[in-house]
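Enquirer: Chain residues, written in single-letter form:
2 protein chains.
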Amino acid sequence: MPDAENQRVVLARRPVGEPQESDFRTERGPVATPGPGQALVRTIWLSLDPYMRGRMSDAPSYVPPVLIDGVMTGGTVGEVMESRADGLKPGDLVEGRTGWQAYAAVDAAELRRLEPGPLPLSTALGVLGMPGMTAYCGLLNIGQPKPGETVVVAAASGPVGSMVGQIAKLRGARAVGIAGGEEKCAFVRSIGFDDCIDHRGPDLAARLKQACPKGIDVYFENVGGAVWDAVFPLLNPFARIPVCGLISQYNQTAPAPGPDRQAGLMRAVLTKRLTIRGFIVWDFASQQADFLNDATAWVESGQVKYREDIVDGLERAPAAFIGMLHGKNFGKLLVRVGPDAAA
Amino acid sequence: MPDAENQRVVLARRPVGEPQESDFRTERGPVATPGPGQALVRTIWLSLDPYMRGRMSDAPSYVPPVLIDGVMTGGTVGEVMESRADGLKPGDLVEGRTGWQAYAAVDAAELRRLEPGPLPLSTALGVLGMPGMTAYCGLLNIGQPKPGETVVVAAASGPVGSMVGQIAKLRGARAVGIAGGEEKCAFVRSIGFDDCIDHRGPDLAARLKQACPKGIDVYFENVGGAVWDAVFPLLNPFARIPVCGLISQYNQTAPAPGPDRQAGLMRAVLTKRLTIRGFIVWDFASQQADFLNDATAWVESGQVKYREDIVDGLERAPAAFIGMLHGKNFGKLLVRVGPDAAA
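Residue numbers (my numbering), protein chains in the order written: chain A, 19 to 361; chain B, 19 to 361.
Heads up, a few of these hints could be off.
[Stated by the list, open to error] Residues from chain A shown here face chain B by an in silico Cβ test under 8 Å; the list is partial:
1) Asn24
2) Leu283
3) Met284
4) Phe297
[Stated by the list, open to error] FRET-style restraints, in silico, Cβ to Cβ:
5) A/Gln306 to B/Leu188: 43 to 53 Å
6) A/Pro78 to B/Gly276: 18 to 28 Å
7) B/Lys164 to A/Pro82: 24 to 34 Å
8) A/Val34 to B/Gly276: 45 to 55 Å
9) A/Trp300 to B/Arg43: 15 to 25 Å
These are computed hints drawn from the structure, not numbers from a lab. We treat Cβ as the ideally placed atom computed from N, Cα and C, and that holds for glycine.
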């Protein structure tokens with residue numbers, strides 16, 4: 019790619035509290051040359067996801083953080099431009115984790131070739147990608163909703179939450195969403211949730227209780243904070259709480275003031291026999307084929323619906339990411355980094 | 019039983035904080051007459067267990083509390099004196115939940131007939147009873163220790179803790195106990211634990227860390243409080259935490275001062291993918307036969323050892339129970355209510 023130029027967004031410094039655009043830096047430079055076993059991928063879509071806030075911090079986590087001056091990590095869909103790997107050729111479409119950049123040379127083993135199908139390419143990053151699989155694996159393995167039970171999920175118009183509620187419905191459960199604003203709530207109801215609560219209104223706890231007259235059997239935790247506080251007293255005996263995110267906590271810099279409610283949480287675990295289990299999607303990597311089969315069928319048949327929120331241009335990724343941490347996106351947040359592949 | 023008199027211990031009032039002997043009242047009265055389908059049981063052994071503190075309180079729990087002026091609830095082993103039930107006859111030995119009293123008329127369905135065997139009758143309340151089964155079911159179903167992993171349990175000289183560590187060893191794991199005082203720790207080591215920490219000494223956290231050089235994979239939670247605080251930072255990714263008791267919390271009357279560590283706990287659940295699950299033994303009632311087969315074989319072969327702490331006379335049960343909440347017992351706490359059955 020002698021004529022092309024790479025564009026990439028690197029981590030300029032670790033944010034304290036809320037990330038600022040100045041924590042990122044957009045750079046231009048040469049396009050990498052693929053080594054043996056590698057392919058050069060041109061990014062078409064970049065996925066922006068809450069977990070990236072954790073990668074900006076060097077607090078202990080399940081993976082190392084992004085290095086200062088390192089390219090921000092991120093899932094992408096792209097087109098193979100050059101290949102020095104068996105099984106990949108120019109023009110192939112691939113999903114990978116090539117980060118916030120226009121081009122990347124990566125090991126072929128880290129790429130998943132996408133078969134052409136009737137659904138848009140971008141779905142490989144949302145309803146048919148990591149967020150959809152997070153919902154699928156967390157809900158079915160840990161949440162285990164049964165017919166007639168009540169499943170609650172926040173960020174319900176987002177790619178994980180919307181999938182959680184729709185799978186809960188397919189399993190015969192009652193699905194109650196929580197979202198920010200009436201427009202999002204209307205969308206959540208339109209895709210089949212039994213109810214959706216606007217967390218911006220007053221007295222969330224009372225309205226959630228009204229929406230869950232039989233209590234809560236599964237709470238899919240992706241936000242924490244005030245939503246968790248509203249959910250907690252409504253948990254039924256034997257409730258299951260898959261924990262895949264705590265987006266409301268990611269920008270916190272100091273512990274909350276007292277009283278210390280940790281012991282009260284453990285007491286509820288005991289008296290209600292709760293199951294609280296943290297996970298990330300790759301803990302269930304062996305279920306990816308099952309997920310893709312099921313989710314593709316559900317989306318193609320219209321049983322599962324999805325919504326995307328598209329931002330044009332890699333340089334707009336930092337602002338879009340910061341907005342997402344405030345709930346400004348409406349649906350799966352994607353950055354269009356480059357044009358679709360020529361058909 | 020026209021000549022006999024019943025003796026029973028009732029709940030005089032609900033304790034606030036630490037129970038006092040004056041919260042109990044010992045009464046005498048007539049022996050009940052069994053109705054159809056019932057048997058009259060003479061108590062030989064009464065089991066005293068930490069869960070009883072919960073029954074004295076009317077805070078929400080998994081079972082209703084003991085009523086004021088009601089007989090204290092408790093597991094017993096006794097002898098059938100009269101029977102109006104099929105399958106039970108005078109002289110049969112039974113295990114049941116007939117409470118803190120010398121005689122009880124109860125439905126035969128609530129009694130389990132004990133087969134005569136080489137082990138003492140009292141074991142049906144300890145290593146072969148509810149405490150042993152609590153350890154067995156919680157550890158194997160939730161803890162799931164694997165060879166080479168580290169299992170930590172407090173109250174390790176007690177009937178649950180000692181069984182947890184010994185089963186962990188049988189499964190090839192490293193077992194580290196926590197107990198109060200060097201005499202108890204020596205006992206815990208003598209039954210095969212790899213190490214035992216005296217929680218009364220200074221800097222529990224540092225000594226526990228030293229005893230767990232590869233971190234903690236399973237923490238069997240039965241105490242909470244300072245032990246949990248020492249365990250928490252040592253938990254490994256994917257650690258499992260069966261929660262069957264929080265004895266250090268039972269007498270607490272006010273929430274602890276801040277900061278609020280609840281969010282930090284949930285963050286660790288997420289970043290370490292912890293599993294925290296509350297249970298009571300009867301959630302696994304269907305595994306009782308497996309437990310009895312395994313545990314009986316282990317005890318008879320000497321692979322599992324146990325220790326009993328025996329108090330003579332029902333009138334001494336309140337003081338013994340209060341002492342247990344302070345860790346004064348050394349081994350399974352039992353009250354000898356009446357003589358053994360004539361052989």
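Enquirer: Next, verify each hint and record whether it holds.
Expert: Okay, the hints, checked on the actual structure:
The beta carbon of A/Asn24 is not positioned within 8 Å of any beta carbon in chain B (closest approach about 32 Å), and the interface hint is therefore violated. Checking A/Leu283 against chain B by beta carbon gives a least distance of about 5 Å; that is within 8 Å, so the hint holds. This hint holds: A/Met284 has a C-beta 6 Å from the nearest C-beta of chain B, less than the 8 Å allowed. The criterion of a C-beta within 8 Å of any C-beta in chain B is met by A/Phe297, whose closest approach is roughly 5 Å, and the hint holds.
Distance hint check: the CB atoms of A/Gln306 and B/Leu188 are about 36 Å apart, inconsistent with the given range 43 to 53 Å. For the pair A/Pro78 and B/Gly276, the beta carbons lie near 23 Å from each other, so the given range of 18 to 28 Å is met. Separation of B/Lys164 from A/Pro82 is about 26 Å and conforms to the stated range, judged on CB atoms against 24 to 34 Å. With their beta carbons about 22 Å apart, A/Val34 and B/Gly276 fall outside the hinted range of 45 to 55 Å.
Taking 15 to 25 Å as the suggested C-beta distance range, the pair A/Trp300 and B/Arg43 does not conform, at roughly 59 Å.
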